[in-house]
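Chemist: Knowing the structure of chain A, use the given hints to seat chain B on it.
Protein chains: 2
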Amino acid sequence: MEDIKKLILKLHDEDAVKFGEFKLKSGLLSPIYFDLRVIVSYPELLREVPRLLHERTEEAEVKFDCVCGVPYTALPLATIICADHNHPMLIRRKEAKDYGMMVEGVIKAGDVCLIVEDVVTSGSSVLETARLLEKEGLKVKDAVVLLDY
Amino acid sequence: MEDIKKLILKLHDEDAVKFGEFKLKSGLLSPIYFDLRVIVSYPELLREVPRLLHERTEEAEVKFDCVCGVPYTALPLATIICADHNHPMLIRRKEAKDYGMMVEGVIKAGDVCLIVEDVVTSGSSVLETARLLEKEGLKVKDAVVLLDY
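Protein chains in written order, with the numbering used here: chain A, 1 to 149; chain B, 150 to 298.
Okay, chain A solo, but in the shape it has when bound (with noise of 0.2 Å):
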């Protein structure tokens, strides 16, 4: 708790953090609103959000075989877990090329995937993501997201 603290602090110091009236995606109106792209441009934030991330699976005891990062915030996020606790990693495209493919990286069906997001309002992304990847095979258990209007 006191980590999270301390990264809603430093993510208001770096101007992460808006006060006024902000429409969200899924349409609600927010008093607040959190502008997560600028975690990659803070190496010491582009460390700790995975960090906490993965603690989070940690404390909840999810278990799983891959990860797969939302585009694009939650893409960089995905892989420091993925390096530092040596899991593979799934990339879902946001658009498909020609030939269709919207999952890259090697999928092992049945595997068990573990979905990591910045921030959700409805979980429209987290729920389009985790039909993608069911679609390829693989199993959708949890996802674990920085933030949840």
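Please keep in mind that the hints were generated in silico from the structure rather than gathered at the bench.
You may find that some hints are simply not true.
List of simulated lysine-lysine pairs, DSSO-like, C-alpha gap at most 27 Å [to be verified]: (1) K257/B - K284/B; (2) K257/B - K6/A; (3) K23/A - K167/B; (4) K243/B - K25/A; (5) K10/A - K159/B.
Stretch by stretch, here's where chain B covers chain A in the computed footprint (C-beta under 8 Å, at least three residues) [stated by the list, open to error]: (6) 39-47; (7) 78-84; (8) 102-114; (9) 130-136.
Computed beta-carbon distance windows for the label pairs [as the list claims (entries may be wrong)]: (10) E204/B - L24/A: 24 to 30 Å; (11) Y149/A - S271/B: 42 to 48 Å; (12) D3/A - R196/B: 20 to 26 Å; (13) L296/B - D3/A: 38 to 44 Å; (14) H12/A - K257/B: 18 to 24 Å; (15) G110/A - D162/B: 18 to 24 Å.
Cβ atoms here follow ideal geometry from the backbone N, Cα and C, with glycine treated the same way.
Modeler: Chain B alone, transformed into the frame defined by chain A:
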């Protein structure tokens, strides 16, 4: 050089090297094809490739303020370089959102941005990325690339 040899053998082990006749993005025919998208699936490669890329920038005494990876395969490579060596990262999006942002992260006009790419044939992706970054006020002097066909 020894490290590069080991890397190529490791890529071959993981089925990233294919022999036959392949039409590259540039239209050229090649008797060999590297599917570098598998890198993310092997944490060892995910750590080793960025290490070698960064080493190359040091050998060549390349100076830069921030790092931008070309989506998608090079995004994780740029991420690891930035996390390990304390550089701010920029993400080049493959497609614009409604509000037209093609580069995410904190942009400091005048900063020198290193481009990271996994593979080049004609170099068009690197050039396109350089143009996008320059449009945002960044300077691009170098790109570090794992494989040049």
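Chemist: Quick check on a hinted range of 38 to 44 Å for L296/B and D3/A, using CB atoms only.
Modeler: holds (39 Å)
Chemist: Sort out whether K284/B lies within 27 Å of K257/B, counting only the CA atoms.
Modeler: holds (12 Å)
Chemist: Given the hint that K23/A pairs with K167/B, does the C-alpha gap stay at or below 27 Å?
Modeler: Measuring from Cα to Cα gives roughly 48 Å; hence the hint is violated.
Chemist: How about the stretch 130-136 of chain A: do at least three of its residues have a C-beta closer than 8 Å to a C-beta of chain B?
Modeler: n = 0 at 8 Å, threshold three: violated.
Chemist: Check the following: the C-beta atoms of Y149/A and S271/B are separated by a distance inside 42 to 48 Å.
Modeler: Holds, at about 43 Å.
Chemist: Is the listed coverage of the stretch 39-47 of chain A by chain B valid when you require three or more residues with a beta carbon under 8 Å from a beta carbon of that chain?
Modeler: That given contact holds, which follows from 6 residues of the stretch 39-47 of chain A lying within Cβ reach (below 8 Å) of chain B.
Chemist: Can you take a look at whether the stretch 78-84 of chain A is actually covered by chain B? Rule is 3+ residues, C-beta closer than 8 Å.
Modeler: holds (count 4)
Chemist: Confirm or reject the claim that G110/A and D162/B have a C-beta distance inside 18 to 24 Å.
Modeler: holds (23 Å)
Chemist: Okay, H12/A versus K257/B on CB: inside 18 to 24 Å?
Modeler: At roughly 20 Å between Cβ atoms, K257/B and H12/A fall inside 18 to 24 Å, so the hint holds.
Chemist: What's the verdict on K243/B and K25/A, does the C-alpha distance respect the 27 Å limit or exceed it?
Modeler: holds (20 Å)
Chemist: Count the residues of the stretch 102-114 of chain A with a beta-carbon closer than 8 Å to any beta-carbon of chain B: does the count reach three?
Modeler: holds (count 3)
Chemist: Is the Cα-Cα distance between K10/A and K159/B 27 Å or less?
Modeler: Given that 27 Å is the threshold and the Cα spacing comes to 40 Å, the pair is violated.
Checked against the numbered hints above, the structure breaks hints 3, 5, 9, 10 and satisfies the rest.
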